[in-house]
Amino acid sequence: MAEENTTITYDQAVTELDELVKKMQDPQCSIDRLSEYTRRAKELLDICKRKLTATDEELKQILAGIE
Numbered sequence: 002m003a004e005e006n007t008t009i010t011y012d013q014a015v016t017e018l019d020e021l022v023k024k025m026q027d028p029q030c031s032i033d034r035l036s037e038y039t040r041r042a043k044e045l046l047d048i049c050k051r052k053l054t055a056t057d058e059e060l061k062q063i064l065a066g067i068e
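Going by this note's numbering, the sequence shown opens with residue 2, and the numbers climb by one from there.
If you're looking for bench data, these hints aren't it; they were derived computationally from the structure.
Straight-line alpha carbon distances no greater than 25 Å define the calculated SDA-like cross-link-like pairs of lysine to any residue that follow:
id : residue 1 : residue 2
1  : Lys43     : Ile32
2  : Lys43     : Asp33
3  : Lys43     : Tyr11
4  : Lys50     : Val22
5  : Lys43     : Val15
6  : Lys50     : Ala14
7  : Lys50     : Gln13
8  : Lys23     : Tyr11
9  : Lys23     : Arg40
10 : Lys23     : Leu53
11 : Lys50     : Glu17
12 : Lys23     : Lys50
13 : Lys61     : Ala14
14 : Lys24     : Tyr11
15 : Lys50     : Arg40
16 : Lys61     : Arg51
17 : Lys24     : Arg34
18 : Lys61     : Tyr11
19 : Lys43     : Thr16
20 : Lys43     : Pro28
21 : Lys50     : Leu21
22 : Lys43     : Thr10
23 : Lys23     : Ser36
24 : Lys43     : Glu58
25 : Lys24     : Thr39
26 : Lys24     : Asp12
27 : Lys24     : Glu37
28 : Lys61     : Thr10
29 : Lys52     : Glu37
30 : Lys23     : Lys43
Fair warning: this is a prediction, and the values are worked out from it, not measured in the lab.
Throw the hints in and build the complete structure from the sequences for me.
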């Protein structure tokens with residue numbers, strides 16, 4: 002899983018999250034699947050958060066260099 006976290010893009014994570022939400026909202030979604038989807042959604046959210054935080058820090062450094 003750690004390797005996937007470094008190779009998945011932010012856009013891919015968001016796309017997968019969108020797909021998971023649709024699956025979770027399906028009335029036919031079983032409790033077992035719901036748990037699995039929720040776990041994966043949390044992993045994807047963590048990936049997105051790390052990427053956003055890293056990008057924010059990088060932008061702050063770039064902008065600090067301009068000033």
